[in-house]
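Which chain is which? The protein sequence lines are L and D, in order. Numbering that gives the first Met the number 0 puts the first sequence at residues 0 to 338. Numbering that gives the first Met the number 0 puts the second sequence at residues 0 to 282.
Calculated from the structure, these hints are not laboratory results. Take these hints with a grain of salt, some might be off.
Stated by the list, open to error - Below 30 Å or equal to it, Euclidean Cα-Cα: the simulated DSSO-like pairs (lysine-lysine) are:
1) L:Lys69 / L:Lys133
2) L:Lys112 / L:Lys133
3) L:Lys252 / L:Lys273
4) D:Lys107 / L:Lys69
5) L:Lys69 / L:Lys211
6) L:Lys222 / L:Lys211
7) D:Lys277 / L:Lys69
8) D:Lys159 / L:Lys133
9) L:Lys211 / L:Lys252
10) D:Lys107 / D:Lys277
11) L:Lys252 / L:Lys263
12) D:Lys277 / L:Lys133
13) L:Lys211 / D:Lys107
14) L:Lys263 / L:Lys273
15) L:Lys112 / D:Lys107
16) L:Lys273 / L:Lys222
17) L:Lys252 / L:Lys222
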Amino acid sequence: MPGAIHAEGLVKTFGDVRALDGVDLDVPEGTVLGLLGPNGAGKTTAVRVLTTLLRPDSGRAVVAGVDVLKHPNEVRRSIGLSGQFAAVDEYLTGRENLHMVGQLYQMSSRAAKARAGELLERFHLADAADRPAKTYSGGMRRRLDLAAALVVSPPVMFMDEPTTGLDPRNRQQLWDVIQELVAGGTTLLLTTQYLEEADHLAHDICVVDHGKVIARGTSDQLKLRTGGERVEVVVHRPDMIDPARAVLAGFGKGEVAVETHTRKLTVPVAGGAKLLAEVIRELDSRGVEIDDIGLRRPTLDDVFISLTGHTAELAEEGDGDSAAAGGGDRGQGPKEAVK
Amino acid sequence: MSAVSDTTPRLAAPRPRGGVVQSVADSLVVARRNLIRMSRIPEMIIFGLIQPIMFVVLFSYVFGGSMTIGGTTDADVYRNFLMAGIFAQTVTFATAGAGAGIADDMHKGLIDRFRSLPMARGAVLTGRTLADLVQTALTVVVLAVVALLVGWRIHEGVPKALGAFALLLLLGYAFSWIGALIGLSVRTPEAATSGGLIWLFPVTFVSNAFVDSSQMTPWLRHVAEWNPFSATVQACRELFGNPGVSNSSAWPMQHSVWASIIWSLLIIALFRTLAVRKYRSAS
Ligand SMILES: Nc1ncnc2c1ncn2[C@@H]1O[C@H](COP(=O)(O)OP(=O)(O)OP(=O)(O)O)[C@@H](O)[C@H]1O
Ligand SMILES: [Mg+2]
Numbered sequence: 000m001p002g003a004i005h006a007e008g009l010v011k012t013f014g015d016v017r018a019l020d021g022v023d024l025d026v027p028e029g030t031v032l033g034l035l036g037p038n039g040a041g042k043t044t045a046v047r048v049l050t051t052l053l054r055p056d057s058g059r060a061v062v063a064g065v066d067v068l069k070h071p072n073e074v075r076r077s078i079g080l081s082g083q084f085a086a087v088d089e090y091l092t093g094r095e096n097l098h099m100v101g102q103l104y105q106m107s108s109r110a111a112k113a114r115a116g117e118l119l120e121r122f123h124l125a126d127a128a129d130r131p132a133k134t135y136s137g138g139m140r141r142r143l144d145l146a147a148a149l150v151v152s153p154p155v156m157f158m159d160e161p162t163t164g165l166d167p168r169n170r171q172q173l174w175d176v177i178q179e180l181v182a183g184g185t186t187l188l189l190t191t192q193y194l195e196e197a198d199h200l201a202h203d204i205c206v207v208d209h210g211k212v213i214a215r216g217t218s219d220q221l222k223l224r225t226g227g228e229r230v231e232v233v234v235h236r237p238d239m240i241d242p243a244r245a246v247l248a249g250f251g252k253g254e255v256a257v258e259t260h261t262r263k264l265t266v267p268v269a270g271g272a273k274l275l276a277e278v279i280r281e282l283d284s285r286g287v288e289i290d291d292i293g294l295r296r297p298t299l300d301d302v303f304i305s306l307t308g309h310t311a312e313l314a315e316e317g318d319g320d321s322a323a324a325g326g327g328d329r330g331q332g333p334k335e336a337v338k
Numbered sequence: 000m001s002a003v004s005d006t007t008p009r010l011a012a013p014r015p016r017g018g019v020v021q022s023v024a025d026s027l028v029v030a031r032r033n034l035i036r037m038s039r040i041p042e043m044i045i046f047g048l049i050q051p052i053m054f055v056v057l058f059s060y061v062f063g064g065s066m067t068i069g070g071t072t073d074a075d076v077y078r079n080f081l082m083a084g085i086f087a088q089t090v091t092f093a094t095a096g097a098g099a100g101i102a103d104d105m106h107k108g109l110i111d112r113f114r115s116l117p118m119a120r121g122a123v124l125t126g127r128t129l130a131d132l133v134q135t136a137l138t139v140v141v142l143a144v145v146a147l148l149v150g151w152r153i154h155e156g157v158p159k160a161l162g163a164f165a166l167l168l169l170l171g172y173a174f175s176w177i178g179a180l181i182g183l184s185v186r187t188p189e190a191a192t193s194g195g196l197i198w199l200f201p202v203t204f205v206s207n208a209f210v211d212s213s214q215m216t217p218w219l220r221h222v223a224e225w226n227p228f229s230a231t232v233q234a235c236r237e238l239f240g241n242p243g244v245s246n247s248s249a250w251p252m253q254h255s256v257w258a259s260i261i262w263s264l265l266i267i268a269l270f271r272t273l274a275v276r277k278y279r280s281a282s
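Make a model of the complete structure from these sequences and hints.
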């Protein structure tokens with residue numbers, strides 16, 4: 000049975016740019032697909048095609064059991080969209096915005112009003128509900144936009160970078176809302192720059208680059224592909240990078256990645272804690288002082304870097320661990336999809 | 000997967016009612032939204048009022064006395080001649096408003112939001128043009144009061160004058176569809192504002208609005224007499240009983256009321272079709 004979102008061979012070109020270059024997607028009902036990719040990969044274009052906003056040059060798509068190209072209006076009844084940039088009317092209050100969207104989903108005025116009240120509560124906008132959205136902070140607007148996407152709690156949702164610009168608390172809250180929705184059976188396609196987010200929310204992940212899906216699988220499958228553990232060393236002084244590199248090259252199973260400004264070296268290894276001890280001893284004997292050393296399992300960041308040859312640009316602005324990313328690690332793995 | 004209890008029962012939107020009822024309902028929702036917007040940006044309404052008032056004052060005091068209308072250069076005659084032209088020009092400025100508003104909605108992603116909703120195809124644009132019509136009507140009322148203060152008078156009775164205002168609003172409504180198309184075709188609200196205004200100058204000046212078109216060179220006169228805008232101006236002069244009614248044999252001048260209605264309806268039919276098509280494929 001085809002999933003709640005199903006696309007085959009989507010192609011969309013803008014002049015010379017092939018924004019989508021033969022994309023296939025399948026999202027089973029009640030699951031979350033994370034669409035991951037660097038800037039300009041084609042994520043937004045894919046969302047726009049699936050939400051009836053853009054006609055592809057070729058390919059077909061079925062959303063909630065309805066052909067997107069043949070019956071767009073039927074599809075629109077069953078989807079909620081939160082685009083990459085908050086689409087709210089600045090001069091309307093939060094309440095008026097949601098009321099309008101509800102009415103345009105063909106709800107009665109009364110039902111739309113009641114629903115608006117509920118959503119404002121749920122997205123912690125009740126206090127600001129009767130102020131024009133112009134006075135909202137960026138994160139508040141974002142939340143209002145997400146609330147608008149949930150007005151009818153549609154069976155299929157599309158969110159294009161939903162948590163970009165949210166503070167950690169609001170991001171966590173949105174994750175909770177998303178998990179609640181999915182538990183209720185909603186199917187979600189989510190694009191994100193935060194690898195941690197895909198890790199946390201998505202059942203399946205598709206990595207796209209240059210309009211093509213270059214890898215797909217669960218988060219664990221993707222991490223496995225990038226290789227097992229790696230040793231990460233931070234040396235004390237810049238002039239110790241070179242000797243450390245030589246040591247690590249001797250132990251590693253692959254190329255040593257160096258991030259000069261943080262004096263961090265990373266290398267894939269096999270051998271676990273025992274090997275780590277040997278590495279430390281060897282570094283010590285060569286007079287390399289270590290600020291930090293550890294054995295690290297690959298993160299989605301590593302997957303992303305090894306697949307696309309560049310970091311998720313926005314991830315660098317993120318908070319916490321997900322922001323860790325090296326510069327030099329060029330793609331090594333074979334680039335066919337994980338099945 | 001078992002459904003978890005949730006304050007939000009999972010429901011697709013109600014089935015669209017379809018047809019005219021839904022079109023009207025959706026258009027009114029959007030019109031209401033635009034009117035709320037306008038009421039929160041009173042500067043826009045004020046500027047919309049100042050401009051025609053300035054035109055009345057400037058034209059009547061600067062040109063008045065040097066223009067020959069019906070064989071006289073009396074400033075008062077010119078002022079009475081001028082008003083129909085100013086009214087008509089004022090309503091056509093709704094074009095720029097509609098264009099800028101729609102371009103702004105595109106720019107801010109609201110058009111995407113609307114296009115992802117199961118609403119009637121033309122409702123976003125119809126709602127916008129209807130809201131502009133309300134604003135235009137308001138402007139016309141204020142302008143009429145100012146005109147009466149500077150000496151403009153109607154001589155054919157109130158019903159005919161109301162008929163003239165109806166023709167004016169119809170023309171304004173028609174032109175706002177041109178604005179809608181412009182707004183959908185340009186990339187920024189600024190471009191829509193200037194793009195929405197530039198072409199209005201030749202349209203409103205190569206006409207009978209501010210000068211007697213019979214005094215133009217023949218080819219220009221021809222253009223002016225067949226200009227849709229001139230038909231409405233001529234009709235207004237007739238219905239207001241103001242001086243300067245052209246006695247040209249050109250059909251639109253002879254049957255100005257019909258010409259005005261036909262032109263406006265044609266413009267609506269053509270530009271509404273184009274604009275709605277453009278809206279559906281907008282990206
Ligand atoms: N309307 C358009 N006109 C021309 N080019 C476009 C248009 N929309 C997208 N593109 C191009 O298509 C490519 C894919 O863009 P898209 O917005 O889908 O990327 P994205 O993956 O969403 O990127 P980001 O992470 O920056 O949001 C880019 O090269 C972009 O320049
Ligand atoms: Mg994008």
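(message) Tell me the hint numbers this structure goes against, listed in increasing order.
(response) 1, 8
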